[in-house]
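Engineer: Taken in sequence, the protein lines are chains E and P. The opening residue of the first sequence carries number 1 in my numbering; numbering runs sequentially from there. The opening residue of the second sequence carries number 1001 in my numbering; numbering runs sequentially from there.
Please keep in mind that the hints were generated in silico from the structure rather than gathered at the bench. Even glycine gets a Cβ: it sits at the ideal position worked out from N, Cα and C. Certain hints may be false.
What the hints assert, rightly or not - Listed below are several chain E residues computed to face chain P (Cβ distance under 7 Å; list not exhaustive): (1) P26; (2) L29; (3) Q84.
What the hints assert, rightly or not - According to the in silico footprint, chain E covers these stretches of chain P (three or more CB under 8 Å from chain E): (4) 1085-1096; (5) 1109-1122.
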Amino acid sequence: MPETILEPKEKVLLDTPWNVVVHNDPVNLMSYVTLVFQRVFGFSRDRAVKHMLEVHHKGRSIVWTGTKELAEMYVHQLHTYLLQATLEKSEGC
Amino acid sequence: MLIRKLGNDKIEFTRIEPAELDLLNKILVAGDPSGNAAAESRLYPAPADPTETGLIRDWTEFVRPEIERGFAESRELVGADLATTKLESGRLSRLTFPTNHVESWLVVLNQARLVLVEVHKFTERELTAHLLPLSFTRRQLVLIQINFYAAIQERLIELVGEG
């Protein structure tokens, strides 16, 4: 019986996307959160500030969406900087 | 205390007052969450919603030990930097460390602030208030310690941003 083999591109499309969410806390400095976003995701300063302000004002910001493995890696990195970050399945999946 | 860059390779804390040196030397102890469940949870938060039991179990088994090792390395490095503090003139001290230690300093200062906040249960209002207290209680002195560490973080971030 022929075996169905998924090409890597198709596999990625079938994988549920996961969000990396950063949550607000009153201790981490705004400048520190901005710096961490630049370091971890390579964001420009403007983009890092935008996400930092979203965290500050809305309580959370989705900073990245993609495969579970990479989402876990990013949450791991954010935790090493002591940011409150979680991964969650992207809505609608 | 003045914090500045010495060229591109070093950071200098100079004219450190004895009271400031005392707070610097307390960074490692202040950041130790041992014996306080809230502080431990804050340093090692869950990576996902509690319903993701498998993920959380694997995280606790495989990822948390790595994070703990990273924290321990940062604390060791900052401790070694602090041990090089020397008397500068009179009662003032001086400390220098390589610029590539800044990330460890930021993490260790953050740990200290997070643990102090959890241990003393400071509210967001207290943390953001800039009012002079009418009397200095132990709690208010801890708040000063937290804000002192925050000021060092701000300055280090500013220096790193200068490139």
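Engineer: Work down the list of hints and note, for each, if the structure agrees.
Structural biologist: The hints, checked one at a time:
1. With a cut of 7 Å, the hint placing P26/E at the interface with chain P holds, because the nearest CB-to-CB distance is about 4 Å.
2. Restraint check, L29/E versus chain P: the minimum CB separation of about 6 Å is within 7 Å; hint holds.
3. Because the smallest distance between the Cβ of Q84/E and any Cβ of chain P comes to about 5 Å, under 7 Å, the interface hint for this residue holds.
4. Residues of the stretch 1085-1096 of chain P with a Cβ under 8 Å from some Cβ of chain E number 0, which does not satisfy the need for three, so the listed coverage is violated.
5. Figure legend: the stretch 1109-1122 of chain P, annotated as covered by chain E; annotation consistent (5 residues with Cβ-Cβ distances under 8 Å, at least 3 required).
Hint compliance for this structure: hint 4 is the single one not met.
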